[in-house]
Amino acid sequence: MTQFLVTTLCNAAVYALIAVSLNVVYRSSGVLNFGAGHITVIAGIFYVNQLDPGVIGILVTVVAAAATALLGYVTSVAWGQRRGIHHVSLSLALLGYGLVLDFAAGEIWAKEGFSAGPLIGGSVTIGDTTFSRERILVVALAAIFILGTLLFVDRTMAGNAIEATAADSELATLYGVRTDVVAVVTWLLAGAALGLAGVLQASIAAVSLTTALPLVIFGIAAAVVGGLGSISKAAAGAVAVAGVQTAFIQFVSPRYSVSMVFVLLFIVLALRPAGLFANARVAERV
Amino acid sequence: MSRAFESPRPWWQSLIAPIVVLIVGAVVSRDDFWIYLAITAAAAFILTVSFNLIYGYAGIFSLAHVAVYGIGAYTACLVQMNYGVPFLLATLGSMAFCGVASLVLWWPTRHLKDLFLAIATLGFAVTVQEILLKWSVTGGAEGLLGIPLANIAGHDFVANTMQYYWLAAVGAVLAFEISARVTSSGTGRKFIALRDAPVALSAVGVSPGRVRLVAFVIAGALAGLAGTLFAHQNLFIASESFGLDRLIVLILAVLIGGSGTQLGPVVGVVALVFIDEAGVASAGYNTLILGGAIILLLGYGQGGLMGLVERLRGLLRRDTSARPLPVPARTAQFDTPHTDAVLRVADVSVDFGGVRALDDVTLEVRSGEVLGLIGPNGAGKTTLVNVVTGHVRPTAGQVSLDGTRLDRSRPHEVAQRGVVRTFQTPRLLPDVSVVGNVALGFAGVARAGDLGEIVDSRRAREDTRDALGRAVGLLEALDVHTGLTEPAGSQPYANQRLTEIARALATRPAFVLLDEPGAGLSDHERDNLAVIIGRLAKAGIGVLLIDHNVSFVAAVSDRIHVLDRGQTLATGEPAEVLERREVVAAYFGGDA
Amino acid sequence: MSALLEINGLRSGYGSATDVLHDVSLSIEAGTAVGVVGANGAGKSTLLKTLAGLVPVRSGDVLLEGVPLKRERPDARLRRGIVLLPEGHRVMRTLTVEENLRLAAISRWPGGVHARLDEVLPTVYELFPVLHERRRQLAGLLSGGEQQMVSIGRALVSKPRLLLLDEPSLGLAPVVIDRIYESLRMLRETGLSLLVVEQNLGRLNALCDRLHILRLGEVTLSANGGDLSEDAIKNAYFGQSGTSMTVPQEEEE
Chain A
0 MTQFLVTTLC NAAVYALIAV SLNVVYRSSG VLNFGAGHIT VIAGIFYVNQ LDPGVIGILV
60 TVVAAAATAL LGYVTSVAWG QRRGIHHVSL SLALLGYGLV LDFAAGEIWA KEGFSAGPLI
120 GGSVTIGDTT FSRERILVVA LAAIFILGTL LFVDRTMAGN AIEATAADSE LATLYGVRTD
180 VVAVVTWLLA GAALGLAGVL QASIAAVSLT TALPLVIFGI AAAVVGGLGS ISKAAAGAVA
240 VAGVQTAFIQ FVSPRYSVSM VFVLLFIVLA LRPAGLFANA RVAERV
Chain B
0 MSRAFESPRP WWQSLIAPIV VLIVGAVVSR DDFWIYLAIT AAAAFILTVS FNLIYGYAGI
60 FSLAHVAVYG IGAYTACLVQ MNYGVPFLLA TLGSMAFCGV ASLVLWWPTR HLKDLFLAIA
120 TLGFAVTVQE ILLKWSVTGG AEGLLGIPLA NIAGHDFVAN TMQYYWLAAV GAVLAFEISA
180 RVTSSGTGRK FIALRDAPVA LSAVGVSPGR VRLVAFVIAG ALAGLAGTLF AHQNLFIASE
240 SFGLDRLIVL ILAVLIGGSG TQLGPVVGVV ALVFIDEAGV ASAGYNTLIL GGAIILLLGY
300 GQGGLMGLVE RLRGLLRRDT SARPLPVPAR TAQFDTPHTD AVLRVADVSV DFGGVRALDD
360 VTLEVRSGEV LGLIGPNGAG KTTLVNVVTG HVRPTAGQVS LDGTRLDRSR PHEVAQRGVV
420 RTFQTPRLLP DVSVVGNVAL GFAGVARAGD LGEIVDSRRA REDTRDALGR AVGLLEALDV
480 HTGLTEPAGS QPYANQRLTE IARALATRPA FVLLDEPGAG LSDHERDNLA VIIGRLAKAG
540 IGVLLIDHNV SFVAAVSDRI HVLDRGQTLA TGEPAEVLER REVVAAYFGG DA
Chain C
0 MSALLEINGL RSGYGSATDV LHDVSLSIEA GTAVGVVGAN GAGKSTLLKT LAGLVPVRSG
60 DVLLEGVPLK RERPDARLRR GIVLLPEGHR VMRTLTVEEN LRLAAISRWP GGVHARLDEV
120 LPTVYELFPV LHERRRQLAG LLSGGEQQMV SIGRALVSKP RLLLLDEPSL GLAPVVIDRI
180 YESLRMLRET GLSLLVVEQN LGRLNALCDR LHILRLGEVT LSANGGDLSE DAIKNAYFGQ
240 SGTSMTVPQE EEE
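Chains as they are written, first to last, in numbering that gives the first Met the number 0: chain A, 0 to 285; chain B, 0 to 591; chain C, 0 to 252.
Keep in mind the hints are simulated off the structure, nothing from the lab. You may find that some hints are simply not true.
Beyond 10 Å from chain B on every Cβ pair, some chain A residues (computed) [to be verified]: (1) Ser75; (2) Gly126; (3) Val238; (4) Val243.
Calculated cross-link-like contacts (lysine to aspartate or glutamate; reagent style DMTMM-like; alpha-carbon spacing at most 25 Å) [said to hold, decoys possible]: (5) B:Lys133 / A:Asp51; (6) C:Lys158 / A:Asp51; (7) C:Lys158 / C:Glu217; (8) C:Lys158 / A:Asp167; (9) C:Lys69 / C:Glu97; (10) A:Lys110 / B:Glu239; (11) C:Lys69 / A:Asp51; (12) C:Lys69 / C:Glu5; (13) C:Lys158 / C:Glu86; (14) B:Lys112 / A:Asp167; (15) B:Lys537 / B:Asp359; (16) B:Lys537 / B:Glu524; (17) C:Lys69 / C:Glu118; (18) A:Lys110 / B:Asp244; (19) A:Lys110 / B:Asp478; (20) C:Lys158 / C:Glu97; (21) B:Lys112 / B:Asp406; (22) B:Lys537 / B:Asp563; (23) C:Lys158 / C:Glu5; (24) C:Lys69 / C:Glu28; (25) B:Lys112 / A:Glu169; (26) B:Lys537 / B:Asp478; (27) B:Lys537 / B:Asp401; (28) A:Lys110 / B:Glu524; (29) B:Lys537 / B:Glu475; (30) C:Lys158 / C:Asp18; (31) A:Lys110 / B:Asp430; (32) B:Lys112 / B:Asp430; (33) B:Lys133 / B:Glu239; (34) C:Lys158 / A:Glu111; (35) C:Lys69 / A:Asp153; (36) B:Lys537 / B:Glu575; (37) A:Lys110 / A:Asp51; (38) B:Lys537 / B:Glu363; (39) B:Lys133 / B:Asp244; (40) C:Lys69 / C:Glu188.
Glycine is no exception: its CB is placed at the ideal position from the N, C-alpha and C atoms.
Chain A extracted, bound-state conformation:
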């Protein structure tokens, strides 16, 4: 049981970070970053190959990922947004960006799976199960980052500016908010989340270019199940997705882990597209 929980939480940590990143971008730019999986995976590959495990390594990776995400915004989204290009088209353009990153990563590093060395050694015993401290650290790091993001958006004035721009960008400009600066900060933040996700994924399992697309699907599933756009509910959605997935792998079959996440996603979209944890509101159509 504890094993199940730990596995779930570790996976949820990664999915939650990706979901938070997707939600932050979705709320402010209205697009879904289909290239998020690629950024995550490449951040992980970069971390494994170029840096030593540790605080410095994580920080450098996070910064690099932030820059990569910002570059994606600038090249693929910013222009189209101003010209009113459909947000789904721009979301797909980000997928194209992911492919470009895929190519670059393939050239720089080999096209194989990479696993990171442990961030922290040792193990902990609870009850009759023993598991590595690494796993706890992974969950803790993700939790800290997500909490930090929530506090930032909720409590700080800069965060309020981001929140305001996301809620009503026209009114925000009337308040004098520099919405272009806000966009930059938003995408940097989103990229940072993906960078950390890549590091964690490399630490608990492995990262490779072939897992980019499944990872973004898991992240999207977590975001949608929680309620697309809500940062706080993304974590809940991630735990739900990871939990169902782990259960499926352990008790049914380990082979179709992606498919079953999709089935879950499909069911949620069909029955409660606003997310499992959404509040009931007055129905409004059109």
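On the provided structure of chain A, position chains B and C as indicated by the hints.
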């Protein structure tokens, strides 16, 4: 601008595909490599045409299309290999199965908005890929080997030979014909409406969900055909062929050619084959090229090569005289099959997250009368209309038509029952001609059945001519004489309003709800509108008129209902209501 | 005294659609209140949005103290002193009253937020004591009138020279409207210039030094406040002589 709305298919259109196919056949027959390219192009063409239908015309971001293509390939092969089903039957069966798979894809997503649809379909695609990769039945990681040759009536069609080319060519001609018929039929017009203004569809009584269904199934079946031909050409298939890369290339093909055009796929396929071959040659750079191209075309581009051609054509066209009308006008009838009907709003309240937009409002409109609805800004007038037409669900109260409840129905159902509306800003298809927009209003009353409409049967074409003729008549009756064949988006505001009203009238409604039709009109135009509203009422149509121009409303209405801050302030004859202090105060402000 | 704001032959519209404003000319002297009335569709909101930088100018010019305003965005216009309060008493509903005011401060003075707030908050809370009471409440939960006060408050934080108000009385109860207009009058007396757009004539007549009637994108009548007769207003407003509406005798100001 889309011609589908006003010109019937030219008679020679059905000859294009066979001629092209014959010419290509003659040219490539010398060289094996050319034959291989031609066969690949033919199969790719079918796939591109099918994607152009669902994405280019209907605007549906189905990222699962390549997965359906894969399902088609595997199904055809597996039933032949495991059950000995003959090739033709297997092909048809595979197409049917793809249609069913598309239904499965469509049903849970039918009301989802674009982004969620894209997510759902992407998930479907990734799932199908995983299943193809891991299921023993589909050959697992090794894929499916030893696919039998296509065999019809005992004759083998060996891959990479001219014989196979002709087989694939037949498929391509079939696909082109189907696509051409669909896109110039009523179904094609509904696709375009679905893409450009789905609200317009429900406004004329057509269910957007149903149009999506048709798009999914047709495109899916054609994708299945493409998959079958592909499989019997390569004699080996694996899950990699049906993954993200293929999807990207497909999207590129449609975009480069120009989505939503008939010739687009032709151009696109040429590009697609070129990319494929270039990809093989440049090995690793494939991903870079695909990624870069996607960014350029989706993030920056509009319209592809065919779009460029259209723009050039537009620039070169010096002749500014109006294009001739497609059909002669038929006199418009404003009569309605409904008489003595009553539209009743009873004790309706609407809460929008803490704000009471409507508070216990009751009113009634009868056939043949004009009820004016006035009130200061923010009074809730448009909200009331939204409640009647099903765009907003009331928190309390009911809306009924002759006793049958309306407030539980979806917007297109309300329109079908005979209650239609116009919008504060006209919701027209901007790239379709004025007369084409109005003709959309007849979509709900066509005589040809669904299937007939899809294949553009003779009866369907008669319906189209009929609709166009009546559309012209309606427009002339509303005093719109110029620009009928111009794109609606380019017309003056007043004409756009009248076009929308004409479209609403085309459905022969019992009740018409006009939401600020006078805004932006000159005095003369508004006077004309008043005359028209009078004629509607005389013909037996019930009219609910919202407008800010109080004297206009007063002159035209039999009764007036005044709303202020969501509540009924007064109701009765215009002269009497407008004398009341509260009404005047609501508009002009008064002392506290 | 040269005009604070001068508008000449202004033509503007949305996207690629037809013009909404055809040829608008008016001027605002510093320290005065100017009112614009008109029916819906006349272009009142469009006029304010054009001045605020939300809608591009197609032809004509807008001069702020003799200097033409270029293609600036709303946040840049704000730094020049032009602040728009959009219709519907829009505020940042997910932020508290305090946070709304702070947002306006940080946007303009990212370095000196606290200094600015120390300077201006007392004025705001003195003008609207209820805001001080409710300063930690989410703006979305306030009443319409209170939200309008927040809107005015955050505009004041931005140190405006010209306030553009789009139908400030919309959807509010008469008593609340009184309060709002009283505060506007006080602000005008401190030297702030106002451009107020309404469908509701009565208050404007009392507040404004100058009135313009806008119809179908053009100014059809201009007069000093209080000078216009009821008939003249109705004619210019509705565009037809002899309407069926009568107005009860108004008490003289």
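The hints, checked one at a time:
no. : hint                : in the structure
1   : Ser75               : violated (5 Å)
2   : Gly126              : holds (35 Å)
3   : Val238              : holds (19 Å)
4   : Val243              : holds (14 Å)
5   : B:Lys133 / A:Asp51  : violated (36 Å)
6   : C:Lys158 / A:Asp51  : violated (52 Å)
7   : C:Lys158 / C:Glu217 : violated (31 Å)
8   : C:Lys158 / A:Asp167 : holds (22 Å)
9   : C:Lys69 / C:Glu97   : violated (33 Å)
10  : A:Lys110 / B:Glu239 : holds (16 Å)
11  : C:Lys69 / A:Asp51   : violated (53 Å)
12  : C:Lys69 / C:Glu5    : holds (14 Å)
13  : C:Lys158 / C:Glu86  : holds (20 Å)
14  : B:Lys112 / A:Asp167 : holds (21 Å)
15  : B:Lys537 / B:Asp359 : violated (31 Å)
16  : B:Lys537 / B:Glu524 : holds (20 Å)
17  : C:Lys69 / C:Glu118  : violated (31 Å)
18  : A:Lys110 / B:Asp244 : holds (16 Å)
19  : A:Lys110 / B:Asp478 : violated (68 Å)
20  : C:Lys158 / C:Glu97  : holds (17 Å)
21  : B:Lys112 / B:Asp406 : holds (22 Å)
22  : B:Lys537 / B:Asp563 : violated (30 Å)
23  : C:Lys158 / C:Glu5   : holds (20 Å)
24  : C:Lys69 / C:Glu28   : holds (21 Å)
25  : B:Lys112 / A:Glu169 : holds (23 Å)
26  : B:Lys537 / B:Asp478 : holds (18 Å)
27  : B:Lys537 / B:Asp401 : holds (20 Å)
28  : A:Lys110 / B:Glu524 : violated (69 Å)
29  : B:Lys537 / B:Glu475 : holds (18 Å)
30  : C:Lys158 / C:Asp18  : violated (32 Å)
31  : A:Lys110 / B:Asp430 : violated (47 Å)
32  : B:Lys112 / B:Asp430 : holds (22 Å)
33  : B:Lys133 / B:Glu239 : holds (12 Å)
34  : C:Lys158 / A:Glu111 : violated (59 Å)
35  : C:Lys69 / A:Asp153  : violated (36 Å)
36  : B:Lys537 / B:Glu575 : holds (23 Å)
37  : A:Lys110 / A:Asp51  : holds (20 Å)
38  : B:Lys537 / B:Glu363 : holds (18 Å)
39  : B:Lys133 / B:Asp244 : holds (19 Å)
40  : C:Lys69 / C:Glu188  : violated (30 Å)
In summary, the structure is inconsistent with hints 1, 5, 6, 7, 9, 11, 15, 17, 19, 22, 28, 30, 31, 34, 35, 40 from the numbered list given earlier, while agreeing with the others.
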